[in-house]
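Engineer: Chain residues, written in single-letter form:
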Amino acid sequence: DSGVTQTPKHLITATGQRVTLRCSPRSGDLSVYWYQQSLDQGLQFLIQYYNGEERAKGNILERFSAQQFPDLHSELNLSSLELGDSALYFCASSVTGDPGNTIYFGEGSWLTVV
Amino acid sequence: AQKVTQAQTEISVVEKEDVTLDCVYETRDTTYYLFWYKQPPSGELVFLIRRNSFDEQNEISGRYSWNFQKSTSSFNFTITASQVVDSAVYFCALFNTGNQFYFGTGTSLTVIP
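Residue numbers (our numbering), protein chains in the order written: chain A, 327 to 440; chain B, 56 to 168.
It should be emphasised that the hints constitute simulated quantities derived from the structure, not laboratory data. The reader is advised that the hints may include incorrect statements.
Reference listing, derived: stretches of chain A covered by chain B, where coverage requires no fewer than 3 residues with Cβ under 8 Å from a Cβ of chain B [unchecked claim]:
hint, region
1, 360-374
2, 427-440
Some chain B residues close to chain A (C-beta under 8 Å, calculated; not the full set) [said to hold, decoys possible]:
hint, residue
3, 87
4, 96
5, 102
6, 155
7, 160
Note that CB positions come from ideal geometry on N, CA and C, so glycine has one too.
With the hints as constraints, model all of the structure from the sequences given.
Structural biologist: This is the structure we're talking about:
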């Protein structure tokens, strides 16, 4: 158990819909990361937050957005869903978000778009 | 350009054999960090090791060992006396000072009893 909690674990939704994935970081961690793992793209970094502010942005689509709240939990919003968005979405956290920190991953949220 | 290459897509070994998973990286940064993660069939990513670019000492943790060589930009992972529970996908990753995390495509290891 990494200490990073993600909900829901599994989600099935239809194309065009919107979903929200939630992440609670490890206790004491201020930085949160989101990743997408799909069959064709591998593991892709989406976005990073530190203490409520966006710190780094990766290959995140405009249809996707995220935020980190004052209590440090984070949400990833996926809208206008397409079949290709079906993937395992990971949240991870680290203490300060600096490169030297170890990043711990949650168990992931499986999203299936039908 | 930053890049992580895991050339071995799939490896199968018989239990108790040793196996080495290769990882080659590219970066122009002088300060960077290398990671290995294990992804068992259940899907979660489990942290195995972190290495910074200034520490080339090899590390051993039980049956796991890592060989970091800056001269060849490699960070290879060896499992000694493999066990069925080692069956998983293993990811090598590079984290640079731009706060970007680059993953390899993973090596799927199957340990046959």
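Engineer: Could you tell me which of the hints above the structure violates, numbers in ascending order?
Structural biologist: Structure breaks hint 4 only.
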